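S.K.: Residues per chain are reported as follows:
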Amino acid sequence: MSVAIQFDPIRLPPEAEALRVEVRAFLKEELALGTFEPHASRRPNPEFSRKVGERGWIGITWPKEYGGQERSFLERYVINEEFLFAGAPIRKHFTADRQSGPVLIKYASDRIKQDILPRIIKGEVSFCIGMSEPNSGSDLFAASTKAERTDDGWLINGAKLWTSLAHEADYMIGLFRTSPSTKDNRRHGLSQFVVDMKTPGISTRPVLHPNGNHEFNEVIFENALLPLDNLLGEADMAWKQATSELAYERSGSERFLETGQVLFELIDFIGENPDNREAEGLGRLVAQLHTLRRMSISVAGMLHAGKEPVLEASVVKDLGTVWEQALPSIARDLSAFVDKDPGNRMRFEEILARNITIAPKLTIQGGTTEVLRGIVARGLGLR
Amino acid sequence: MDEAQSLVADAATRIFRDLGDPQTINGIDDGSWRAPLWQALEESGLTTAWVSDELGGAGAGMGAGFAVLRVAGEFAAAVPLAETLLGGWLLEQGSIVLPGGSLSVAPTKRGDVITLNTDGTLSGSARSVSFATEVDHLVVLAGDTVALVKRTDCAIQDGTNMAGEPLNHVNFTGVTPKQTAKLQNGVNGNALTMMGAATRSMQMAGALQTVLEISVQYAEERVAFGKPIAKFQAVQHNLARLGEEAAAAIAIASSMAYSVENMDTWTDPGLYLDIASAKIRVGEAAGEGGAIGHQAFGAIGFTQEHILHRFVQRLWSWRDDFDSEAVWAVELGRRVAARGGESLWHGLTAA
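Those sequence lines, one after another, are chains A and B.
Taken in order, the first sequence gives residues 50 to 432; the numbers are from our numbering.
Taken in order, the second sequence gives residues 728 to 1078; the numbers are from our numbering.
Worth double-checking, as some hints may not be accurate.
These stretches of chain A come out as covered by chain B in the derived footprint (C-beta under 8 Å, 3 or more residues) [as the list claims (entries may be wrong)]:
hint	region
1	321-331
2	342-351
3	364-375
4	389-402
5	425-432
Treat the hints as calculated values from the structure; they're not laboratory data.
Note that the structure is a prediction, hence the values are computed from the model and not measured.
The C-beta atom is built at its ideal place from N, Cα and C for all residues, glycine as well.
Construct the complete structure from the given sequences, taking the supplied hints into account.
M.R.: What follows is the structure, given as structure tokens:
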């Protein structure tokens, strides 16, 4: 990267923009029907996910043999960003669509693919990601939850912690230890599995956010037995398999739009005639957001072209999550001198408070700031 | 960058490497390197990339011109290459044949207004005109007219930017231009400010890339506490931040150049969003990136004999040209506020 930083100017193609029109019309219709309330739902919305599935908008890039449409990654990009802007309740299908499905397509047995992928596409099943453990957060290679191969299948024992949405997920893609790490490769010995959360021996316990939200869980495995072919890819080699997944996980709009509602609401709260201070603040935020979106689409273009832009994706995630984390605080400052009520004061203050309280997690989930900067430093040749 | 643009960028890189290498020219106090470098740039046609063949230019196109500007930023040599490109572009908008030699443009700030009187003279003055004391001609936007003015006809105050390059207050009152023409293609003062901002944004993106490269290289070579400072996590994370700022600058500048190259009208909101965002975001990156570069180099970088200042001081000067990020942000913010939150989303996705 030190030689030539490349973020090519990619524009979304006409078919993606045509799809945007469809997605907006769909969202408008569902809003009118009362299927969802924007940004309001903390719960999965099975009806909404099912309707999205009916449209063919889950797993839209996946192979046709599993019910996908083999459409482009840039079209998926548009669906994702429109859902995020609208605050649509995508919780049930989001993780499966973004990363679990692609992992299954790449590494799962044919039985698993035939069984699970069509149901993801219909919006019927949801996934969680079992990576962190009490003693293994950023340092994934310290994971100790064990998968032991027996004649009957893989026997899982241990616990995952801070697992988002495990209590509502049908499946987990879990990272378990199948062998000890070796002297020359501490990353060796971990394997990825697909786990049916209804497997006997698996239980979840809520771990609440500071504001009382239930997103995190502890997931306990006590002699949970998985079929042999639930192993994804090669045993002990998960460290090699995770890379391309990370590029998908780290570069999407959700890495800078999670608190985006604050900006759009702030604009209406400040009103049509901002003073210089308010206008400058808004202008900078818009320029930063527009730049992040350009970068994110550029990475989407690289993914579309079959590249593995892991480094570029890390740049987007670090810049994006730091930005979306700071946004509520900046909005709090910029709104401080609005003394009249433009009509949305209660709403704005509620949105602001909610986003200020969630902000700290944004630079932790999916790779901390520190981990990402380490990856960027490696890309620069410093490590 | 397409193949033609890459070729132009390679040609520019070769010339700068041969005749404008930062390390070499940093040690030459009398500026004797400047004439040969400028001559080579002129002879190669790089200074007139934005002017069509018919008007005496190289006709290389907008994209190629931006590719040249990025290279110019990477080398940060004190020659009016960007100014001459921009001046040529403005002359083209009035179909005025290139006079040859170096150019600069005025005004460079939204607040400055120059008018063409009925007697054919100009009135008004412009702040912050780059290289005004050195160039052969000034290209002046006066209302709906572009005017070609001889530098020696104007009253020019001495002044420099942080990097020591001429940056002058120019008084045009009473000056009779050599030639005037009506502006075409909807070009007006706003369009000039946008093109100027686009020009500086691309130069800054190039300079940031060099700051990143030399900082990384230095961190790998410099040994302290028994190991290269690149091995310290605190240094790694600082340089990662610099890399991210450079990446953001390059990304938005590339996007902006693409938008200019493919533009329909100067009033297109998407074009405005790209250019305003570039000037604001690249300016921010220049501030933070320059500071991180200095931190990486320590005391060595804070000397005249080191080349770092050539890039950082230009970065910090260029961000003020054609209105600073604060001025752009206020204008962008007012536009956004006037239209409301949902319109912003539609504007972002339509750009």
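S.K.: Hint by hint, work out which the structure violates, then give me just those numbers in ascending order.
M.R.: Structure breaks hint 4 only.
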